[in-house]
Each structure stands twice: as structure tokens, then as C-alpha cells.
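Visitor: Sequence:
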Amino acid sequence: MFRVRFPLLISKLRVLYLVKSDPFTTPMSTTSRVTDVSKSEEHLNKSSENLDRLSKAELPLQDLKLASHVALERAQTHGRVKCSKCGGSRMFFCYTCYSLVGVNQQEIPLIKLPVKIDIIKHPNENDGKSTAVHAKLIAPDDVNIYTYPCIPELDDDIHKTILVFPGPDSVTVEEMLQHLNEMRTNLTDEPKLKRQKVTEEVEEAHKVKLQSSPLERVVFIDSTWNQTTRIITDERLQALLRVELKTRNTCFWRHQRGSPDTYLATIEAIYYFLKDYHTLCLLKEYNGEYDNLLFFFSYLHKLINKAKKESAGKF
310 MFRVRFPLLI SKLRVLYLVK SDPFTTPMST TSRVTDVSKS EEHLNKSSEN LDRLSKAELP
370 LQDLKLASHV ALERAQTHGR VKCSKCGGSR MFFCYTCYSL VGVNQQEIPL IKLPVKIDII
430 KHPNENDGKS TAVHAKLIAP DDVNIYTYPC IPELDDDIHK TILVFPGPDS VTVEEMLQHL
490 NEMRTNLTDE PKLKRQKVTE EVEEAHKVKL QSSPLERVVF IDSTWNQTTR IITDERLQAL
550 LRVELKTRNT CFWRHQRGSP DTYLATIEAI YYFLKDYHTL CLLKEYNGEY DNLLFFFSYL
610 HKLINKAKKE SAGKF
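Residue numbers (the numbering used here): 310 to 624.
Derived from the structure by calculation, the hints contain no laboratory data.
Everything numeric in this text was worked out from a predicted model, so none of it was measured.
Backbone N, C-alpha and C define an ideal beta-carbon position, used for all residues, glycine too.
Be aware that one or more of the hints could be misleading.
What the hints assert, rightly or not - Here are the simulated EDC-like pairs of lysine to aspartate or glutamate, each with C-alpha atoms no more than 16 angstroms apart in a straight line:
1) Lys584 / Glu553
2) Lys421 / Asp450
3) Lys469 / Glu525
4) Lys421 / Asp600
5) Lys425 / Glu484
6) Lys611 / Glu594
7) Lys469 / Glu491
8) Lys469 / Glu484
9) Lys374 / Glu525
10) Lys374 / Glu594
11) Lys425 / Glu491
12) Lys421 / Glu462
13) Lys425 / Asp372
14) Lys394 / Glu382
15) Lys615 / Glu382
16) Lys584 / Glu462
17) Lys555 / Glu483
18) Lys584 / Glu382
19) Lys555 / Glu484
20) Lys555 / Glu525
21) Lys593 / Asp450
22) Lys374 / Asp600
23) Lys421 / Glu491
24) Lys421 / Glu598
25) Lys421 / Glu553
26) Lys425 / Asp450
27) Lys611 / Asp464
Said to hold, decoys possible - Beta-carbon label-pair distances, calculated as ranges:
28) Asn453 / Ser377: 24 to 34 angstroms
29) Asn558 / Val379: 27 to 37 angstroms
30) Gly437 / Ala376: 16 to 26 angstroms
31) Ala548 / Met400: 13 to 23 angstroms
32) Asn558 / Ala376: 17 to 27 angstroms
33) Glu491 / Glu382: 46 to 56 angstroms
Could you put the whole structure together from the sequences, leaning on the hints where they help?
Guide: Right, here's the structure in full:
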């Protein structure tokens with residue numbers, strides 16, 4: 310719509326400069342007129358580009374199977390509410406206490422995940438900008454959040470835990486199970502003298518458990534990309550298999566300056582991993598089982614982008 314009207318708007322600007330001249334003031338120079346018109350045209354073109362970018366960002370969120378946002382719409386009309394636990398002024402939820410604010414639990418979807426999710430948050434990460442809390446609120450039984458240097462106990466679960474993080478040594482989701490199987494095999498084939506002595510019954514039960522649950526835990530890092538080095542180089546995480554997601558564009562409205570659109574928000578990374586795991590590893594047809602992980606994300610995305618569009622439309 311804006312592209313169609315740009316020439317008309319520019320024409321009106323030119324007419325305005327020619328008709329509205331005050332004989333009692335110094336006339337605007339031709340150079341100034343051309344410069345102002347050029348600036349106006351440049352600003353309008355940038356507005357058009359921003360709108361195109363917003364429209365593209367909406368595409369991945371359009372066909373989600375989400376619970377009703379009526380509760381969030383109602384809470385929004387009431388404005389911010391004090392958190393009963395910490396006293397902070399919050400909208401929808403408290404990102405410090407991981408609790409709902411101004412919304413009833415019965416009105417918010419809860420889902421069960423096929424694996425446990427551990428999120429390691431950088432201590433300098435702004436809680437108000439983090440989307441990790443979304444996962445904790447929607448899947449409270451399966452999601453835990455740790456603030457670094459605190460991390461989950463991983464020693465006994467190395468062979469059934471992965472770390473989602475890109476890099477030269479990372480494998481794809483499709484390759485993940487094969488690598489976990491190899492890790493399990495190596496663990497089973499170790500010389501018995503190097504292992505803790507166990508009875509044959511316990512060892513056999515352990516093998517059966519491994520076969521039935523090759524992947525049990527997934528670790529994510531909640532941090533800006535500039536801050537990840539401190540966590541990713543921690544020796545406690547070095548033995549974990551690293552998995553890299555397919556390239557996807559983020560819909561996050563707080564885009565990190567200087568970073569590409571493929572840098573996902575934490576809740577997006579969790580959602581896309583589970584979706585890929587469901588189809589590529591569990592070999593099941595995806596029917597929106599984890600879409601509600603984006604329940605809060607999609608609503609906030611809609612609100613913020615609507616405001617941006619209205620702001621762009623004023624020019």
C-alpha cells in the first residue's frame with residue numbers, strides 16, 4: 310500500500326514547496342528544497358522496507374495452533390500489576406519469579422515435553438528481555454532455568470544429554486541420535502575394571518533404559534551472542550554432544566545490533582528443536598504439539614509489530 314502512494318506523497322511535497330512561499334521571509338533555496346524532498350523520499354522508502362521486514366517476520370507465526378489469547382487481552386486492558394512475590398510491576402508474568410501476574414493459571418496452556426529442558430542463563434542477561442521464562446510458564450514440569458555459574462548436574466547423563474549450540478563440531482538434529490547411540494555403545498563396552506561394579510540385573514535394566522530413551526535432556530544457553538563465550542567454554546559442558554539447528558530467521562522484536570536474522574530467541578530455539586526432534590527423530594507427523602510454547606511470544610510479537618506498523622504509517 311505504501312509503495313503505491315509514495316509517488317503521490319512526493320508529488321504533494323513538491324507542490325507544497327512551490328505554492329507555500331511567504332513573501333515576507335527569505336525564500337528557501339532550490340538546493341534546500343531538493344534536499345528536503347530527497348530526505349522525505351528516503352525516509353518513506355525506509356518505512357516501506359521496515360514494513361516488508363515486519364511482514365516477513367510474521368510468516369512463521371501465522372499457522373500456529375495456539376490457545377486463545379483472550380486472557381492476555383483482558384490483562385492488557387488492566388495494565389501492569391504488582392507481582393505478589395517480589396512486588397515488581399509486571400504484565401502477564403513475572404520474569405524474576407517465573408509466575409503469572411494478572412492472569413489465571415487455568416487460562417494459560419500447559420504442555421508436556423518429550424525431553425527435559427535445562428536453560429543456563431548468563432548472569433548479565435536482562436531478565437525482562439529474556440524469553441526463557443515463556444518455556445518455564447508453559448512447560449513448568451519439564452523446564453528448569455539456572456543462572457550461571459550454576460548449571461545442572463550432568464555427570465551421570467552425558468550420554469543422553471545434548472547442548473544446542475552452533476559450531477564446527479556440532480551435528481545436525483538428524484545425526485544426533487546416531488552420535489548418542491555411539492556414546493552409549495562406548496559406555497557399555499568400557500572395561501569393567503574402569504566402571505563401578507554393578508549386578509547383571511542392574512546393568513541389563515540400565516541398557517534397556519538407554520535403548521528406550523536415547524535423549525532425555527537438552528541444554529540451551531540464554532545469553533546474547535557476545536556473552537556466550539564464558540558459558541560455552543565451561544569445562545563442565547565440554548563432554549556434551551553439541552547440536553546445531555537448521556537455519557531459520559528470528560521473529561524476535563529485540564534484534565541484537567550487528568547480528569544476522571538467523572540468531573534466534575531462546576524460546577524460538579527450544580520450539581524449533583522440539584519440532585525437528587518430533588519429525589526427524591521420533592518420526593511422527595507434527596500437528597502443533599509444541600506450538601503453545603510460543604503462546605506469550607506470538608502475542609507480544611503481534612502487539613509490538615502492530616505498534617511499529619502504526620508508527621511507520623504516520624509518515
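Visitor: Decide, hint by hint, whether the structure agrees.
Guide: Right, here's what the structure says about each hint:
Simply put, lysine 584 and glutamate 553 have alpha-carbon atoms about 14 angstroms apart, close enough for the 16 angstroms limit, and the pair holds. A threshold of 16 angstroms between alpha carbons decides the hint, and for lysine 421 with aspartate 450 the separation of about 8 angstroms falls inside it, so the pair holds. Proposed proximity of lysine 469 and glutamate 525 is supported: the alpha carbons are some 6 angstroms apart, at most 16 angstroms. Under the criterion of a C-alpha separation no larger than 16 angstroms, the hint pairing lysine 421 with aspartate 600 is consistent with the structure, at around 12 angstroms.
Distance restraint check for lysine 425 and glutamate 484: the Cα-Cα separation of roughly 20 angstroms exceeds the 16 angstroms cut-off, and the hinted pair is therefore not satisfied. Distance restraint check for lysine 611 and glutamate 594: the Cα-Cα separation of roughly 28 angstroms exceeds the 16 angstroms cut-off, and the hinted pair is therefore not satisfied. Distance restraint check for lysine 469 and glutamate 491: the Cα-Cα separation of roughly 11 angstroms lies within the 16 angstroms cut-off, and the hinted pair is therefore satisfied. With a C-alpha separation of about 14 angstroms, the suggested pair lysine 469 and glutamate 484 falls inside the 16 angstroms cut-off, and the hint holds.
At roughly 25 angstroms between alpha-carbon atoms, lysine 374 and glutamate 525 are farther apart than 16 angstroms, so this suggested pair is violated. Restraint check for lysine 374 and glutamate 594: satisfied, since their Cα atoms lie roughly 14 angstroms apart, inside the 16 angstroms limit. Restraint check for lysine 425 and glutamate 491: the C-alpha separation of about 21 angstroms exceeds 16 angstroms, so the hint is violated. Restraint check: the Cα-Cα separation between lysine 421 and glutamate 462 comes to about 22 angstroms, which exceeds 16 angstroms; the hinted pair is violated.
Straight-line distance between C-alpha atoms of lysine 425 and aspartate 372 comes to about 26 angstroms, which puts the hinted pair past the 16 angstroms bound. Annotation: proposed proximity of lysine 394 to glutamate 382 is violated, straight-line Cα distance about 23 angstroms (limit 16 angstroms). At most 16 angstroms may separate the alpha-carbon atoms for a hinted pair to count; lysine 615 and glutamate 382 meet this at roughly 14 angstroms. For the proposed pair lysine 584 and glutamate 462, the alpha carbon gap of about 26 angstroms is over 16 angstroms, so the pair is violated.
Pair hint lysine 555 plus glutamate 483 holds up; C-alpha atoms about 10 angstroms apart against a cutoff of 16 angstroms. Restraint check for lysine 584 and glutamate 382: not satisfied, since their Cα atoms lie roughly 27 angstroms apart, outside the 16 angstroms limit. Among the hinted pairs, lysine 555 with glutamate 484 is consistent with the structure: their alpha-carbon atoms are about 12 angstroms apart, no more than 16 angstroms. Between lysine 555 and glutamate 525 the CA atoms are separated by roughly 21 angstroms; this puts the pair beyond 16 angstroms, and the hint is violated.
For the suggested pair lysine 593 and aspartate 450, the alpha carbons sit about 23 angstroms apart, so the restraint of at most 16 angstroms is broken. The hinted pair formed by lysine 374 and aspartate 600 meets the criterion: a straight-line CA distance of about 6 angstroms does not exceed 16 angstroms. This hinted pair does not check out: lysine 421 and glutamate 491 have alpha carbons roughly 28 angstroms apart, beyond 16 angstroms. In summary, the hint linking lysine 421 to glutamate 598 is supported, as the alpha carbons are separated by about 9 angstroms, within the 16 angstroms threshold.
For the given pair, lysine 421 sits about 23 angstroms from glutamate 553 by alpha-carbon distance, which is inconsistent with the 16 angstroms threshold. Distance check on the hinted pair: lysine 425 and aspartate 450 sit about 8 angstroms apart at the alpha-carbon level, within 16 angstroms; holds. Pair hint lysine 611 plus aspartate 464 does not hold up; C-alpha atoms about 42 angstroms apart against a cutoff of 16 angstroms. At roughly 28 angstroms, the beta-carbon separation of asparagine 453 and serine 377 lies within the given 24 to 34 angstroms, and the hint holds.
The given range of 27 to 37 angstroms is respected by asparagine 558 and valine 379, whose C-beta atoms sit roughly 29 angstroms from each other. Range check, glycine 437 to alanine 376: about 24 angstroms between beta-carbon atoms, so the 16 to 26 angstroms window is met. A C-beta distance of roughly 40 angstroms is found between alanine 548 and methionine 400, which places it outside the suggested range of 13 to 23 angstroms. With their beta carbons about 25 angstroms apart, asparagine 558 and alanine 376 fall inside the hinted range of 17 to 27 angstroms.
Range check, glutamate 491 to glutamate 382: Cβ separation about 50 angstroms, and the 46 to 56 angstroms hint holds.
Violated hints for the displayed structure, listed by number in ascending order: 5, 6, 9, 11, 12, 13, 14, 16, 18, 20, 21, 23, 25, 27, 31.
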